[in-house]
Amino acid sequence: GAGVSQTPSNKVTEKGKYVELRCDPISGHTALYWYRQSLGQGPEFLIYFQGTGAADDSGLPNDRFFAVRPEGSVSTLKIQRTERGDSAVYLCASSPGTANSPLHFGNGTRLTVT
Amino acid sequence: DAKTTQPPSMDCAEGRAANLPCNHSTISGNEYVYWYRQIHSQGPQYIIHGLKNNETNEMASLIITEDRKSSTLILPHATLRDTAVYYCIVRAIHYGGSQGNLIFGKGTKLSVKP
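So the protein sequences, as listed, match chains A and B. Each residue of the first sequence is one higher than the one before, starting from 1 at the first, in this note's numbering. Each residue of the second sequence is one higher than the one before, starting from 1001 at the first, in this note's numbering.
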C-alpha cells in the first residue's frame, strides 16, 4: 500500500522567507511525527500529533517553527523567517497509534536556505 | 540523549552474516529495543523490535542478552543493498506523549563489500 508521502521532495528558499512542508501519512494512522535530520546526524524529534492535537511539541527549536494537523490526517510543518541553520532534511512518520507500533517514515523534504 | 551505544562503522563481506552490536546498559523494564536502518537519501526503515525474547522476521534476527543490557542485530546473508546506517533505539512501552517517540543516535554505518 501507499507509504508516507512528503512534498515537496526538495525546497530551496531565501533567508527570511516562509516555507510550508506537507506530510500525507499512511491512511488510518492516528499518530504523526516530524523529525529533522542534519548531515551526518540521526533524525531529531520535533513534534508529535495524536489525532488533531499536538501531544508533544517539545522538540520544536523555537517559535519560528509550527505544525498543524487540522483534520487528523495531513500535516503541515511551517517555518517562518527561515535561517541558513534551518537547512536540513525534514522527515515525517506515522503509526497506527497503538502501543509499540513502529513508526513508518517518508523520504523527507530537503530544505535549503540560501 | 540517545540511550544506546553503537560502533560508528562496520564492514561485512557480501553473502556473510552481518552482526551489529548495541549497548543499552541503562535500559529499564518498560523499554523495547527497536532497530531501524537508513539507506542514503531515504527515510529510516523499520527492521525489528523486541522486549526480552529473541525475535526473527523476514529481514533480520534480534538477539537480546538475558540481562537486556545489550543486543545484536543479525542480517543472515548481507547483500550490497544492505549498505546503510543502522540505528538501535530504546523506546518506552507506555504510549503517550514523548514516551512514544524514537530518539535516534548516530547509528552504525554498515558497508557491505563484494
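Since the hints were made in silico from the structure, they are not lab data. Using N, Cα and C, we set each Cβ at its ideal position, and we do this for glycine too. Treat the hints with caution; some may be incorrect.
[Unchecked claim] Interface residues of chain A toward chain B, partial, derived using beta-carbon atoms under 8 Å: (1) GLN41; (2) PHE45; (3) LEU103; (4) GLY106.
Tell me, in ascending order, the numbers of any earlier hints that this structure violates. The structure breaks none of the hints.
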